[in-house]
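K.L.:
Next come the chains, spelled out residue by residue.
Number of protein chains: 2
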Amino acid sequence: MAWSSRLGVGVIAFASGAAVTAFVKAASSDSGFTRRTFSVPDHKFFHSSERSTPTGDFSNGIPPYKVWEKDWDRREPCAADRRKSLRRGIAEDPTREVKREGTAIPTANRHLLFIRHSHFNRKEKKDEERGLTPLGREQAALIGQRLKALGIPITVLVDSTMTRAKETADIIASFFLGVPRSQTDLLRKGAPVSPEPPSRNWKQPQIYFSDGARIEAAFRTLVHRANPEQLTDSYELYVCHSKVIRYIVCRALQFPPEGWIRLSLFHGSITWLTIQPDGRVILQCLGDVGHLPFDKVTS
Amino acid sequence: MAWSSRLGVGVIAFASGAAVTAFVKAASSDSGFTRRTFSVPDHKFFHSSERSTPTGDFSNGIPPYKVWEKDWDRREPCAADRRKSLRRGIAEDPTREVKREGTAIPTANRHLLFIRHSHFNRKEKKDEERGLTPLGREQAALIGQRLKALGIPITVLVDSTMTRAKETADIIASFFLGVPRSQTDLLRKGAPVSPEPPSRNWKQPQIYFSDGARIEAAFRTLVHRANPEQLTDSYELYVCHSKVIRYIVCRALQFPPEGWIRLSLFHGSITWLTIQPDGRVILQCLGDVGHLPFDKVTS
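Protein sequence lines, in the order shown, are assigned to chains A and B.
Counting from 4, one number per residue, gives the positions in the first sequence under my numbering.
Counting from 4, one number per residue, gives the positions in the second sequence under my numbering.
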């Protein structure tokens, strides 16, 4: 009915075809699905992977297929890992109360909540002078309130080393005392990759060249399925910048990364990615600002 | 600072690289951009369009490019249209107070707000018995309140002909008396295209075959840039179903349509697409449920 069902059993969400999160925990072996009448066909045989025009012929019911890269985070367990976990009784029956240390395949979900920093002083040039405005501080407090109200157990809070992200995170952190916190340069603002369609705000090639590798490094470092050692679901807050978040969302969903420009994020918005233990990724929401009254929504 | 700036001048949003909406109205000719130092390079020459692995070599700064299809809605004005509009003084200076009837190129934005119906009775089989639960009615009222509070001038309200969408729309409509309303079968629930990665909830091929064409028809009929005759921005509400919205978002953003399964929508969530007069598309938010208290969020 509420968050608890989403985060717990997840059967309702599954029934609606949303392929959500926690279901995987209850049925991480394939055995639960073999009873279905229709099994998943082999894509290589079934679909032409070379059709790529978005407005291709849809009326024949065959999509312009692009196969999901399962090992996108290079953490796909190998057969030896699976055997190891089987011996420990994990994969066969994840509901069994067993000592899970030492399993070789992931079993927990990672929920990554990306918060865009709030409204800041754009008049200055130096980063340290581009702090939050009073409105920005108010927005940050409203984010903190909303996250607190959701009742999700925040595991860690990471912010970019830029002033506006740090100040936003400071205010959010006051709602989550005791939660470990860290900063990283990887999440600093930047131009991830030259956008498509091209932006009128075109940047010098060397900007995309250097920022792009750094933001790609942020993606590869922070966004991946849980480690096998992670025993429970994590809820991780990342306070950073619009283009970084938009790029990460495209990469995580295996959508074309140059498409980041087609997404938009308001200040103080919440973007929620869930990474399931089998490597599936779900975007739960993008740019949610319902926690802000209409006159405090800025971009 | 607030919605007004986003919907009005839009210069702040543009400065942040979000390539938003109304800026286009102020500079729909190319002349405003030729003063920039860096012009947009020719993609065919500059990028290899055949690189498509999402985890390709990013460190060289060249993305795995897929060019934006400009004429995705088959409404790209031809040279003759542009000349016609130029003669009428539209494209040259859109701020001039001229009689705009008869212009041949679009000048208005379309804001399409897709609302997923709210919580409903899943225990019954027949559509007419699968109406909203008391919680669903409460959610619908909260959506209406939020949309009303945003102060956006809703132009039209369209809902799918299924009971749960109709009942959600009924409640929202009570906040927008006098707004024209209609229903369409095109927006009924369905399986748009076989998902990738494959769903555990696999459907019969004939379901994707027939639903797919119908939902694609919904996309092609409803989602396109404004007609040239449209003089002001429109804000259109569509109350329908999760998979329909997720598919439309992928198609509109020119992301792989089979990726709809990577998106998720809560009941009563708001998804906002903006279609600019030049055919660019921006996803302002996806699945926003900040207007619902934490104990009323369901999926």
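Keep in mind the hints are simulated off the structure, nothing from the lab.
Any given hint might turn out to be false.
Any copy, or any two copies together, can satisfy a pair, since identical chains are not distinguished.
[Claimed, not checked] Here are the simulated DSSO-like pairs of lysine-lysine, each with C-alpha atoms no more than 30 Å apart in a straight line: (1) Lys151 - Lys126; (2) Lys192 - Lys73; (3) Lys73 - Lys206; (4) Lys128 - Lys87; (5) Lys151 - Lys128; (6) Lys126 - Lys87; (7) Lys206 - Lys151; (8) Lys206 - Lys169; (9) Lys169 - Lys73; (10) Lys73 - Lys151; (11) Lys192 - Lys87; (12) Lys87 - Lys151.
As the structure is a prediction and not an experimental result, all values here were calculated from the model.
K.L.:
30 Å Cα cut-off: does Lys151 pair with Lys128 within a copy, between copies, both or neither?
P.N.:
neither (34 Å within a copy, 38 Å between copies)
K.L.:
Should Lys73 paired with Lys151 be assigned to within, between, both, or neither, using CA atoms and 30 Å as the limit?
P.N.:
Neither: 34 Å inside a chain and 43 Å across chains, both beyond 30 Å.
K.L.:
Have a look at Lys192 and Lys73 and pick one of within, between, both or neither, based on CA distance no larger than 30 Å.
P.N.:
Both. Shortest intra-copy (29 Å) and inter-copy (29 Å) distances satisfy the 30 Å Cα cut-off.
K.L.:
For Lys206 and Lys169, with the copy left unspecified, which applies at a CA distance of at most 30 Å: within, between, both, or neither?
P.N.:
within (26 Å within a copy, 47 Å between copies)
K.L.:
Can you give me the call for Lys128 and Lys87, within, between, both or neither, at a CA distance of at most 30 Å?
P.N.:
Neither. Shortest intra-copy (55 Å) and inter-copy (44 Å) distances fail the 30 Å Cα cut-off.
K.L.:
Tell me, please, which holds for Lys206 and Lys151 at an alpha-carbon limit of 30 Å: within, between, both or neither?
P.N.:
So Lys206 and Lys151 fail the 30 Å test inside a copy (38 Å) and across (39 Å) alike.
K.L.:
Are the CA atoms of Lys151 and Lys126 at most 30 Å apart within a copy, between copies, both, or neither?
P.N.:
Result: close neither inside a copy nor across copies, 32 Å intra and 33 Å inter.
K.L.:
Given a CA cutoff of 30 Å, do Lys87 and Lys151 count as a within-copy pair, a between-copy pair, both, or neither?
P.N.:
Neither, since 39 Å and 56 Å both go past 30 Å.
K.L.:
Tell me, please, which holds for Lys126 and Lys87 at an alpha-carbon limit of 30 Å: within, between, both or neither?
P.N.:
Classified as neither: same-chain Cα gap 58 Å, cross-chain 42 Å, threshold 30 Å.
K.L.:
With identical chains, the pair Lys169 and Lys73 could be close in the same copy or across copies; at 30 Å between alpha carbons, which is it: within, between, both, or neither?
P.N.:
neither (34 Å within a copy, 39 Å between copies)
K.L.:
Reference check for the pair Lys192 and Lys87, CA-CA at most 30 Å: within, between, both, or neither?
P.N.:
This pair counts as neither: shortest intra-copy Cα distance 42 Å, inter-copy 43 Å.
K.L.:
With identical chains treated as interchangeable, where does the CA-CA distance between Lys73 and Lys206 reach 30 Å or less: within a copy, between copies, both, or neither?
P.N.:
between (33 Å within a copy, 21 Å between copies)
Hint compliance for this structure: hints 1, 4, 5, 6, 7, 9, 10, 11, 12 are broken, all remaining hints hold.
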